[in-house]
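Let's have the full structure, built from the sequences with the hints guiding it.
Yeah, the sequence shown ends on 185 if you go by UniProt numbering, and it's all consecutive.
The reader is advised that the hints may include incorrect statements.
Derived DMTMM-like pairs (lysine to aspartate or glutamate); straight-line CA-CA distance at most 25 Å [as the list claims (entries may be wrong)]:
#, residue 1, residue 2
1, Lys163, Glu16
2, Lys20, Glu167
3, Lys20, Asp47
4, Lys163, Glu104
5, Lys20, Asp102
6, Lys20, Asp70
7, Lys163, Asp69
8, Lys163, Asp47
9, Lys163, Glu80
10, Lys20, Glu73
11, Lys163, Glu146
12, Lys20, Asp69
13, Lys20, Glu146
14, Lys163, Glu55
15, Lys163, Glu175
16, Lys20, Glu104
17, Lys20, Glu80
18, Lys163, Asp102
19, Lys163, Asp70
20, Lys20, Asp161
21, Lys20, Glu55
Pairwise CB distance ranges (calculated) [stated by the list, open to error]:
#, residue 1, residue 2, range
22, Cys37, Arg68, 25 to 33 Å
23, Arg67, Ser89, 14 to 22 Å
24, Asn179, Glu73, 44 to 52 Å
25, Ala66, Cys36, 25 to 33 Å
26, Arg140, Gly33, 41 to 49 Å
These are computed hints drawn from the structure, not numbers from a lab.
Note that the structure is predicted; figures quoted are calculated from it, not measured.
A virtual CB, placed ideally from N, CA and C, is assigned to each residue, including glycine.
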Amino acid sequence: MNTVTLPSAARLQLAEQIVKNGTFIHGLANAQGVICCMAFVTVEQCDAATQVRVELGDSVNSVTLARRDDTGERVARFLEDVANGVTPSIVPEVDEYLLVGDLELTLREAIRLGRGSHYLPVDYLDLCLLLNPAFTDRQRTAFRFEVNGASLTLPLLLPTDRKLAYELLVACVHELVANYRSSAA
1 MNTVTLPSAA
11 RLQLAEQIVK
21 NGTFIHGLAN
31 AQGVICCMAF
41 VTVEQCDAAT
51 QVRVELGDSV
61 NSVTLARRDD
71 TGERVARFLE
81 DVANGVTPSI
91 VPEVDEYLLV
101 GDLELTLREA
111 IRLGRGSHYL
121 PVDYLDLCLL
131 LNPAFTDRQR
141 TAFRFEVNGA
151 SLTLPLLLPT
161 DRKLAYELLV
171 ACVHELVANY
181 RSSAA
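Pasting the structure below:
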């Protein structure tokens, strides 16, 4: 089997990128140094951890890692293991995946994509976040919420800053859920 690795320059670059949000492209090389495949590495800084998604060919793999000094190296090893078709050697530490909840992951993914319908994991409530390009400025994103298929809010502009956008959406979700529960009681 031909093993591929992340070249040293790309390893250093990935270590710098792992503290940012974004999608980064990295080539993996064979023993002769020839780039054999390209990986798309999407990094999302969450409140208590880093969520990493690796797209390589038809394969999509993700891992949630606590922020540590060696997170860049751990992601590089994860990427190489995925590329070589072996079980990842950087098994997250016990309960490391619990550092990021489903709601946070869903909201951050929705913000990253900037469009679509995103069903939010909220107990006893069919809550959906809808994102579309704004009518007034196609470069901006408008959002609104639906409950049980009925529009709950008017479209509002999402901040362009991803951190502010997340803070706004999570606050809206908490407020909507609290209001729904108090009205149902």
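Hints versus structure:
1. Lys163 to Glu16: holds (19 Å)
2. Lys20 to Glu167: holds (17 Å)
3. Lys20 to Asp47: Since the Cα atoms of Lys20 and Asp47 sit roughly 13 Å apart, the hinted pair holds (cutoff 25 Å).
4. Lys163 to Glu104: holds (12 Å)
5. Lys20 to Asp102: Holds, because 21 Å separates the two Cα atoms, which is no more than 25 Å.
6. Lys20 to Asp70: Holds - the C-alpha atoms of Asp70 and Lys20 are around 15 Å apart, at most 25 Å.
7. Lys163 to Asp69: holds (22 Å)
8. Lys163 to Asp47: holds (10 Å)
9. Lys163 to Glu80: At roughly 30 Å apart (the allowed maximum being 25 Å), Glu80 and Lys163 break the hint.
10. Lys20 to Glu73: Within the cut-off at roughly 15 Å; holds.
11. Lys163 to Glu146: holds (23 Å)
12. Lys20 to Asp69: holds (14 Å)
13. Lys20 to Glu146: Violated, because 31 Å separates the two Cα atoms, which is more than 25 Å.
14. Lys163 to Glu55: Given that 25 Å is the threshold and the Cα spacing comes to 24 Å, the pair holds.
15. Lys163 to Glu175: Distance ~18 Å between Lys163 and Glu175 Cα, so the pair holds.
16. Lys20 to Glu104: This hinted pair holds, its Cα atoms lying about 17 Å apart.
17. Lys20 to Glu80: holds (20 Å)
18. Lys163 to Asp102: Holds: Lys163 and Asp102 sit about 17 Å apart, inside 25 Å.
19. Lys163 to Asp70: Distance of about 24 Å is within 25 Å: holds.
20. Lys20 to Asp161: Holds: Lys20 and Asp161 sit about 13 Å apart, inside 25 Å.
21. Lys20 to Glu55: This hinted pair holds, its Cα atoms lying about 18 Å apart.
22. Cys37 to Arg68: 25 to 33 Å: Because 27 Å falls inside the window, the suggested range holds.
23. Arg67 to Ser89: 14 to 22 Å: Holds - the Cβ-Cβ distance for Arg67 and Ser89, about 20 Å, lies within 14 to 22 Å.
24. Asn179 to Glu73: 44 to 52 Å: holds (45 Å)
25. Ala66 to Cys36: 25 to 33 Å: holds (31 Å)
26. Arg140 to Gly33: 41 to 49 Å: holds (44 Å)
Comparing the model with each numbered hint stated earlier shows that hints 9 and 13 do not hold.
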